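**Student:** Given next are the chains, with one letter for each unit.
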Amino acid sequence: MSIYKDAKYQDVPFEEKQKLFQEVKDDMRWESVMYGCYECGICVAACPSARFYDFSPRVFAQVMGREDVDTFYELLNDSVWDCSQCFSCTRCPRQNNPGAIITIMREVAVNHGLSSAKKALQAYSRIIYKIMSTGTQVAPDMLQPDFFPDWGPDVKDVSDNLDVWRRAVPPETMHTTELAWDVSEKTRLELYMIWKLTGNLEMIENIDEGIFMILEEVMEELLEEHGYDIDDFENVLED
Amino acid sequence: MSVATAFPPKASEREFVRKGKPPTEDYRELLFELEAKGELEIQRVPEPYVEVETKYGRKKKIPLEFTWHHKSCGQCGHIPGYSTAIFWLNRKLGYEYHDPRDQTSCTAWNYYASSTSNSAAQAAVAVRNFAQAKLDGFFPMIHCGTSYGHYKEVREEILHHPKLRDQVRKIMDRLKMPFVFPEEIVHYSEWIHVVRKEIAEKQVLDFSDITATVHPACHYHKLVVEDAIYDRELYDGQRTAIVTALVEALDAKAADYSTWHDCCGFGFRHILVSRDFSRSFATIRKIERMKEEANPDVTITHDTGCVTTLDKSQFSVQAHGRNVGIPVMSDAQFAALAMGAHPYKVCQLHWHGVDMKPLLEKMGIDHEKAWQEFEEVASRLKDNGNEFMTWEDADA
Numbered sequence: 001m002s003i004y005k006d007a008k009y010q011d012v013p014f015e016e017k018q019k020l021f022q023e024v025k026d027d028m029r030w031e032s033v034m035y036g037c038y039e040c041g042i043c044v045a046a047c048p049s050a051r052f053y054d055f056s057p058r059v060f061a062q063v064m065g066r067e068d069v070d071t072f073y074e075l076l077n078d079s080v081w082d083c084s085q086c087f088s089c090t091r092c093p094r095q096n097n098p099g100a101i102i103t104i105m106r107e108v109a110v111n112h113g114l115s116s117a118k119k120a121l122q123a124y125s126r127i128i129y130k131i132m133s134t135g136t137q138v139a140p141d142m143l144q145p146d147f148f149p150d151w152g153p154d155v156k157d158v159s160d161n162l163d164v165w166r167r168a169v170p171p172e173t174m175h176t177t178e179l180a181w182d183v184s185e186k187t188r189l190e191l192y193m194i195w196k197l198t199g200n201l202e203m204i205e206n207i208d209e210g211i212f213m214i215l216e217e218v219m220e221e222l223l224e225e226h227g228y229d230i231d232d233f234e235n236v237l238e239d
Numbered sequence: 001m002s003v004a005t006a007f008p009p010k011a012s013e014r015e016f017v018r019k020g021k022p023p024t025e026d027y028r029e030l031l032f033e034l035e036a037k038g039e040l041e042i043q044r045v046p047e048p049y050v051e052v053e054t055k056y057g058r059k060k061k062i063p064l065e066f067t068w069h070h071k072s073c074g075q076c077g078h079i080p081g082y083s084t085a086i087f088w089l090n091r092k093l094g095y096e097y098h099d100p101r102d103q104t105s106c107t108a109w110n111y112y113a114s115s116t117s118n119s120a121a122q123a124a125v126a127v128r129n130f131a132q133a134k135l136d137g138f139f140p141m142i143h144c145g146t147s148y149g150h151y152k153e154v155r156e157e158i159l160h161h162p163k164l165r166d167q168v169r170k171i172m173d174r175l176k177m178p179f180v181f182p183e184e185i186v187h188y189s190e191w192i193h194v195v196r197k198e199i200a201e202k203q204v205l206d207f208s209d210i211t212a213t214v215h216p217a218c219h220y221h222k223l224v225v226e227d228a229i230y231d232r233e234l235y236d237g238q239r240t241a242i243v244t245a246l247v248e249a250l251d252a253k254a255a256d257y258s259t260w261h262d263c264c265g266f267g268f269r270h271i272l273v274s275r276d277f278s279r280s281f282a283t284i285r286k287i288e289r290m291k292e293e294a295n296p297d298v299t300i301t302h303d304t305g306c307v308t309t310l311d312k313s314q315f316s317v318q319a320h321g322r323n324v325g326i327p328v329m330s331d332a333q334f335a336a337l338a339m340g341a342h343p344y345k346v347c348q349l350h351w352h353g354v355d356m357k358p359l360l361e362k363m364g365i366d367h368e369k370a371w372q373e374f375e376e377v378a379s380r381l382k383d384n385g386n387e388f389m390t391w392e393d394a395d396a
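Just so you know, the sequences run in chain order X and D.
Going by this note's numbering, the residue at position 45 of the first sequence is 45; the numbering climbs one at a time, nothing skipped.
Going by this note's numbering, the residue at position 91 of the second sequence is 91; the numbering climbs one at a time, nothing skipped.
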């Protein structure tokens with residue numbers, strides 16, 4: 001039970017919180033990201049997210065160090081997605097890496113399909129799809145004035161002239177509008193194999209079933225075209 | 001009664017000399033040990049290379065040519081003049097390079113932004129790219145600061161976790177590709193750093209009136225810190241020398257500002273789905289500080305997200321009367337302009353948000369004539385749907 005009277009998620013069984021906490025600590029990266037906390041606050045002073053959100057990298061280090069499972073669960077659901085992943089917090093004199101602690105926590109949240117993770121990534125599914133299906137994630141055709149109205153009138157200029165302006169770029173690999181560069185089919189195929197062999201698709205299924213289904217269909221089609229059966233690629237991490 | 005002494009000395013008189021052993025392990029020793037055990041294959045830095053000093057005094061080899069250009073999604077997708085300028089510099093300096101199609105991004109957006117990936121997938125993506133570079137006969141040169149930082153993290157994980165190595169080996173066996181890792185992880189800005197004098201020798205524009213602020217990219221110098229280039233002649237060796245050394249080599253003034261260590265506000269998820277945060281941080285903590293403390297003509301950085309965030313965040317905050325209006329570009333574009341690259345055909349500055357015209361005028365570039373030249377090529381391409389701008393067009 002939390003030490004705080006107004007603690008959130010009191011309805012979630014402690015055992016469930018403990019299980020997720022232990023998953024973070026069992027991650028192979030754990031031993032090199034958390035050593036103890038002086039509570040000096042250098043990480044907070046360096047942190048961009050701490051300036052604009054109710055967010056503190058120091059709290060992550062302290063809570064994990066103290067094994068405060070209840071507060072861990074709150075962080076896992078509430079502020080874990082505010083981190084900017086800039087790793088300015090690696091200025092820590094104790095060599096902690098709060099940004100990396102947060103990376104591991106986010107993976108645990110995604111693996112368990114927490115509703116807070118689903119919500120945080122709701123508007124993000126297009127990027128996930130783009131990366132996993134093409135191997136590049138920031139495409140020229142993303143520059144749409146409707147999506148980036150705050151980026152100024154140049155976005156509309158790019159969007160209006162996209163086809164010609166992309167052909168007016170000298171490197172031959174960059175005459176693309178839907179991809180950042182022209183990724184060969186062979187390479188996309190190899191990427192799909194990696195997603196299957198590492199259980200990465202299952203992570204997507206936990207967080208966005210719709211994107212998972214589209215991805216699997218796209219990948220299955222390409223693998224089949226090249227004489228592969230998608231079911232042959234079992235998760236090697238489970239061995 | 002105590003007597004006042006001159007200790008501590010004034011900052012300008014201090015000399016920072018690192019003594020004793022570096023506090024971090026030497027990744028090369030560990031890599032070579034694994035190679036000796038037959039666990040993986042190391043791709044050596046090809047000659048000719050230049051050795052430079054890194055944060056804790058170790059030397060790092062930076063190849064001059066035969067480089068395999070690991071492109072950046074954000075650069076190629078939204079700032080195409082960034083990647084183009086890197087290639088243009090290689091061509092003008094006469095260095096052989098390869099621009100591959102058999103390359104994926106590091107996919108670290110799925111790692112740092114959404115965490116919808118895992119260590120094995122990320123390591124396998126990295127090693128697949130490295131294996132392809134080796135098969136192509138060129139050495140990886142990473143364009144993106146995040147890919148550079150992330151691949152260094154992957155290297156640490158591979159070095160210290162036998163289980164991960166086993167997993168990667170199994171995956172690479174299924175892909176029928178070798179388990180290759182490069183001797184050094186090299187960022188393109190490190191290459192620009194080591195060829196900066198060659199660039200300066202070919203400089204055709206006078207930059208002596210240009211004042212530039214520098215934003216060092218977080219994933220360059222904050223992730224696996226010991227791999228970043230430092231120089232005792234710059235900032236007393238207390239800050240990475242990358243980018244600043246180029247600015248100075250081109251005779252521009254590198255102006256300091258108090259929030260140099262802050263990130264740009266990119267935030268991965270934030271730049272796409274929480275842009276109020278990115279915009280606020282970029283303008284309040286970075287651009288306004290630069291304006292008030294240095295009033296630069298331009299700010300130069302060396303990573304994808306930094307150019308995008310610092311540049312694009314400046315438009316809408318004008319509605320709130322914020323003190324903004326600093327053009328933003330990469331070190332590659334800045335260097336290319338100095339060497340006479342076309343501002344639109346090579347540096348593609350029309351993809352940037354902040355008005356570049358005052359800067360171009362100060363650099364002595366006739367931007368109206370340059371835009372007309374670009375439009376002539378664009379008009380030709382519009383009429384011929386199968387045509388592309390060639391490198392010859394770019395220099396015409």
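Calculated from the structure, these hints are not laboratory results.
Each hint should be verified, as a subset may be incorrect.
Below, in silico cross-link-like pairs of lysine-lysine (BS3-like), each with a Cα-Cα straight-line distance of 25 angstroms or less [said to hold, decoys possible]:
#1 X:K186 x D:K176
#2 D:K382 x X:K25
#3 X:K186 x D:K291
#4 D:K291 x D:K357
#5 D:K382 x X:K156
As the structure is a computational prediction, the values presented were derived from the model and not from experiment.
**Student:** Next, verify each hint and record whether it holds.
**Tutor:** Do the hints match the structure? See the list:
A threshold of 25 angstroms between alpha carbons decides the hint, and for K186 (chain X) with K176 (chain D) the separation of about 12 angstroms falls inside it, so the pair holds. For the suggested pair K382 (chain D) and K25 (chain X), the alpha carbons sit about 57 angstroms apart, so the restraint of at most 25 angstroms is broken. About 48 angstroms separates the Cα atoms of K186 (chain X) and K291 (chain D), which puts this hinted pair outside 25 angstroms; it is violated. Distance check on the hinted pair: K291 (chain D) and K357 (chain D) sit about 18 angstroms apart at the alpha-carbon level, within 25 angstroms; holds.
Between K382 (chain D) and K156 (chain X) the CA atoms are separated by roughly 18 angstroms; this keeps the pair inside 25 angstroms, and the hint holds.
Taken one by one, the earlier hints fail for this structure at numbers 2, 3, listed in ascending order.
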